[in-house]
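Peer 1: Let the hints inform the model, and build the full structure from the sequences given.
With this note's numbering applied, the sequence shown closes on residue 874, and no number is skipped along the way.
Quick caveat, the hints were computed from the structure, so don't treat them as lab data.
Do not rely on the hints blindly, as some may be mistaken.
[What the hints assert, rightly or not] Computed list of lysine to aspartate or glutamate pairs in DMTMM-like fashion (alpha-carbon distance at most 25 Å, straight line):
{"hint": "1", "residue 1": "Lys807", "residue 2": "Asp760"}
{"hint": "2", "residue 1": "Lys839", "residue 2": "Asp760"}
{"hint": "3", "residue 1": "Lys825", "residue 2": "Asp871"}
{"hint": "4", "residue 1": "Lys802", "residue 2": "Asp819"}
{"hint": "5", "residue 1": "Lys764", "residue 2": "Glu785"}
{"hint": "6", "residue 1": "Lys720", "residue 2": "Glu747"}
{"hint": "7", "residue 1": "Lys725", "residue 2": "Glu811"}
{"hint": "8", "residue 1": "Lys738", "residue 2": "Glu833"}
{"hint": "9", "residue 1": "Lys788", "residue 2": "Asp760"}
{"hint": "10", "residue 1": "Lys839", "residue 2": "Glu828"}
{"hint": "11", "residue 1": "Lys725", "residue 2": "Asp735"}
{"hint": "12", "residue 1": "Lys720", "residue 2": "Asp760"}
{"hint": "13", "residue 1": "Lys809", "residue 2": "Asp735"}
{"hint": "14", "residue 1": "Lys842", "residue 2": "Asp819"}
{"hint": "15", "residue 1": "Lys802", "residue 2": "Asp871"}
{"hint": "16", "residue 1": "Lys839", "residue 2": "Asp735"}
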Amino acid sequence: MKHWLFKTEPDVFSIDDLYKVPSRIAPWEGVRNYQARNFLRDSIQKGDLVFFYHSRANPLSIVGIAEVTKPGYPDHFAFDPSHKYFDPKSKPENPTWYMVDIKFRKKFPEPVTMEEMKKHKQLKNMVLLQKGSRLSIQPVSPTEFQFILGLADVKL
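Peer 2: See below:
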């Protein structure tokens, strides 16, 4: 099992939105960055755990956990001309973009803020905390994952 951090803007899709989906399972679609796409296509597997990170929020923070229920598959929204994620270069026979399905696992009692994470030397190598790190999907080491669970006072 691997660990990941997925960034989302809470006004677009928040952890509460994921919780409200009847099955609590939703596709993670619309990723249009090649490095993040490669993670979706090649690395993220069923059972992997995901930190749900609210970006463009105040405060920036990890707000909960999801689990991957379906590994990477073609992002079919890229094939739909009426959809906001349409990409005319992506074809069903040769897809450019991929998505995974995630399931709500837990909302943190209190968010773990970016400011709080920066205070801990145990997280100094975390991709999220590196200068210029903007990738919407990032790997998280097992040590970082466990440390953040401790900050959130959450057990899985």
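Peer 1: Which numbered conditions among the earlier hints are violated in the structure presented, ordered from lowest to highest?
Peer 2: Structure breaks hints 2, 7, 8, 13, 14, 15 and 16.
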